[in-house]
Structure formats: structure tokens, C-alpha cells
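Model the full structure from these sequences, guided by the hints.
In case it helps, the numbering used here puts the sequence shown at residues 1 to 407.
Please note that a few of the clues may not be correct.
[Unchecked claim] Derived lysine-lysine pairs resembling DSSO-like cross-links, with alpha carbons at most 27 Å apart: (1) LYS246 with LYS232; (2) LYS375 with LYS6; (3) LYS10 with LYS382; (4) LYS188 with LYS10; (5) LYS246 with LYS10; (6) LYS6 with LYS382; (7) LYS375 with LYS232; (8) LYS89 with LYS138.
[To be verified] Quick list of the computed label-pair ranges, beta carbon to beta carbon: (9) LEU273 with ARG221: 34 to 42 Å; (10) GLY34 with LEU164: 47 to 55 Å; (11) LEU90 with VAL339: 54 to 62 Å; (12) GLY334 with PHE198: 30 to 38 Å; (13) LEU273 with THR241: 42 to 50 Å; (14) LYS188 with SER317: 22 to 30 Å; (15) GLU321 with GLY3: 22 to 30 Å.
Hints are computed from structural coordinates only; laboratory data are not their basis.
C-beta atoms are modelled at their ideal positions from N, C-alpha and C, and glycine is treated no differently.
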Amino acid sequence: MLGLNKTDSKFLLIVIALTMLTPFLMQPFAEGSGLAQFNGGYPDLMQKVAIFGIFAVGFNILFGLTGYLSFGHAAFLGIGSYSAVWMFKLLTMNVIPGILLAMFVSGLFALAIGYVSLRRSGIYFSILTLAFAQMCYKMAYSVLTPITNGETGLQLALDDPRILDSAAQSGSLPVTNLFGLAMNSSYKLEALGRVFTFSVGYYFCAVIAIIAFYMAIRIFRSPFGMMLRAVKSNQNRMKFTGLDPKPYTLAAFVISGMYAGLAGGLLAAMDPLAGADRMLWTASGEVVIMTILGGAGTLMGPVLGAGVIKYLENIFSKINESVLHSWFHWLPDGIEEVVVWVFARFTGEGWHLTLGVTFMLVVTFLPGGLVEGLKRISDRLKRGNKKRDKYDDPDPEHHPDPSKHVV
1 MLGLNKTDSK FLLIVIALTM LTPFLMQPFA EGSGLAQFNG GYPDLMQKVA IFGIFAVGFN
61 ILFGLTGYLS FGHAAFLGIG SYSAVWMFKL LTMNVIPGIL LAMFVSGLFA LAIGYVSLRR
121 SGIYFSILTL AFAQMCYKMA YSVLTPITNG ETGLQLALDD PRILDSAAQS GSLPVTNLFG
181 LAMNSSYKLE ALGRVFTFSV GYYFCAVIAI IAFYMAIRIF RSPFGMMLRA VKSNQNRMKF
241 TGLDPKPYTL AAFVISGMYA GLAGGLLAAM DPLAGADRML WTASGEVVIM TILGGAGTLM
301 GPVLGAGVIK YLENIFSKIN ESVLHSWFHW LPDGIEEVVV WVFARFTGEG WHLTLGVTFM
361 LVVTFLPGGL VEGLKRISDR LKRGNKKRDK YDDPDPEHHP DPSKHVV
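If you want it as C-alpha cells, here you go:
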């Protein structure tokens, strides 16, 4: 199907089904119940999961396949947002031209930054990308104020030209749309004690995410993807075969930058505002954590990582002390205060502590990320409680066991 083998086709169909059913999957608890606080089926969160999933998948093409760790990918996220907002201001509020411009401009910047940064490898490459991202941030924050509007951020205005939309202008700011279908429009369905929200903005992001995921599969399975793995494995050996790794790494860097620009354009499409804060080094670090948490070098890992981090950010950050008191009101007063104080360190403004503990546990016990954990669970369910030994899965090539070292 679509150039994929049978296994990848099934995998893609599962991803499509999960993406389309996200409004149901992220609203498991009935309204009014004590666990309704953990529901995440509202448009803002679902859109962020899809958008940052695209961002992480693109970053994984560079880091997961080539091993080049970039600390500056947030620059392309911000450039994509600025490009899209300028398109909304000058041409039309239709999101398609804005997203295309975001990918194109981000790709140009990625080509220039990658050409310089890829002259070095390892930690030197990472520091160079971080330096370029910080320069972009400072320029957007102060130097290029006429273009970026500085610390206030680039926003829409009533007097914007919007050449293609001029006849439809009114006294209020327009909203982004897809050929007339507003991105902020939604439909709510009440069933089984739950309220399911179907947002146009989310499903637009979901379709783009599926297309981006499909392209990532094709890259992973292509000869180009094999060359990127060769770069990660041993560049010297690759050079000895007569192949220059630089064009491949630069191509991967540009593709990854265009993915980041696409994510930035989608952020602007959902909320027409672009600020320099999207270029901060913390945003670059966030996508690194997403990829490692989910499983670097895997197809689904970055998406899982993005979902976990955005869920923790949006759900755990809303749990304040009043909510905790409502949960533990049945405890004696003194014990209740202690329990609430402890849990408050991991929720609300302290949700980063929960993220840090989660990341530490995953890196320590699941070096392959959440994908490795899911594989372990799947293997355990398949074989049940049966104890395995070395004869349960014999070596088909009959490699001999290494002999013991004798002094």
C-alpha cells in the first residue's frame, strides 16, 4: 500500500486509526467524576500532541538515523511560525500557503545553518547548532523588530493587506481557515457521560501528521535511510567505500528543519501569533527529551514522547493544591497537609519534577524509550508466564558460544 510493505502498511493503518479516534481515547473518564481531571480530549492539547509529534518525528530523522544531536531545532520552529503569520498578514488567512511558506523558509535556513554546522561532528556540532539558534532568538527578540515585532510577538492587525481576502474583511480579526472552514470551529458530542470534542483544527493537524509520518516511514525504509544509518554506524568505513557522508547528513538536516518549520506553521495556523520564545534553547531541549523518552531511531517513539510530555504539561500543571485537597480530604488534617504538600511538588508549577522523574526512570530502566517498554510488555503477553532459556530461541546460524578465558 502506497509503496510500503505489508508490515509497514498495517502499522500505518493502526496509526491512522489511533489518530482519528484520539478524541475518544483521550476522554476516558466521565464528566463530574474524580478522574475527569485527567481527561485530555480537548482541542488545544490534541493539536499540540499532533504538532509536536511532527516536530519530534522530523528531529528523529536527523538524530535517530545519523546520530547528529542538534540543540538548535527550535530556530526552525520559530522561523516557520513567523513565515506563516506573515503569509496570513499579507496574502490570505487560508492555512495552506502559510504552511508551505513555513516549510520553504525553514528549509532555506536549515540549508545555511547545516552547511556550516556539519563541518564538525559530535559535541562541536551540537554547540554550533545551539549557537545559531540563540543568534536567531536574539535577532528575533531585538535586532529584527520591524519583522518580528520583538518581545511582543508578531500578530494579526485589522489594517493588514491580506490581498486575497480583502473583500471579506470586517470589523473583527479574521480566523485561520481551510478554504473557508474555520480552524477554531468544533462539534461536541455528549455520550456515555462524556463530552467528546471534534475540532476542525485538530483533524487538520492530524491529517498533516499522518502524511508526515508516512513520509518518515518511506525515508526510514529507503536507500537514503540506509545511507543515514551508515553515517551513524561508521563514517570512516563509509568514506573508505568512496561515499561522502556530508551530502547525506546535510539532506537529513534540511528535511528535519522542514519538519520543524511545518510544525511551526501549524502552531501559527492554530493560533496566529509568533514569538521569539519559540526559538529558546529550552524548546530545542524539549524535542530532544521527546525523542529520547519515546525511543530515538524508532518510528513511533518520538510521537509517544511528544504525547507524554504535552500531556504532563497540560494536565499535571493544572492540578493545584485545591484539587489535591479535594482528593485527600478524607485523611486526618495533619496527614492531609503533608500528603498535599508532597504531591504539590510534582503538580502545578512543579510538573517539571514529574517529567524529570519520568525521564530518569525511562533512561535508567528502558534505554530504548517507551517503545522498548511496549515491546517488553508485548513479548511478555505473547509468551505468558513461561520461563525462557537459551534453547527457546536457538541461533539459526549456529554461532558457537564464546569460550571462557583461561589464565
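Evaluated hints:
no.: 1; hint: LYS246 with LYS232; in the structure: holds (12 Å)
no.: 2; hint: LYS375 with LYS6; in the structure: holds (20 Å)
no.: 3; hint: LYS10 with LYS382; in the structure: holds (19 Å)
no.: 4; hint: LYS188 with LYS10; in the structure: violated (30 Å)
no.: 5; hint: LYS246 with LYS10; in the structure: violated (34 Å)
no.: 6; hint: LYS6 with LYS382; in the structure: holds (21 Å)
no.: 7; hint: LYS375 with LYS232; in the structure: holds (24 Å)
no.: 8; hint: LYS89 with LYS138; in the structure: holds (23 Å)
no.: 9; hint: LEU273 with ARG221: 34 to 42 Å; in the structure: holds (38 Å)
no.: 10; hint: GLY34 with LEU164: 47 to 55 Å; in the structure: holds (50 Å)
no.: 11; hint: LEU90 with VAL339: 54 to 62 Å; in the structure: holds (55 Å)
no.: 12; hint: GLY334 with PHE198: 30 to 38 Å; in the structure: violated (47 Å)
no.: 13; hint: LEU273 with THR241: 42 to 50 Å; in the structure: holds (49 Å)
no.: 14; hint: LYS188 with SER317: 22 to 30 Å; in the structure: holds (24 Å)
no.: 15; hint: GLU321 with GLY3: 22 to 30 Å; in the structure: violated (54 Å)
Figure legend: structure checked against the earlier numbered hints; hints not met, in rising order: 4, 5, 12, 15.
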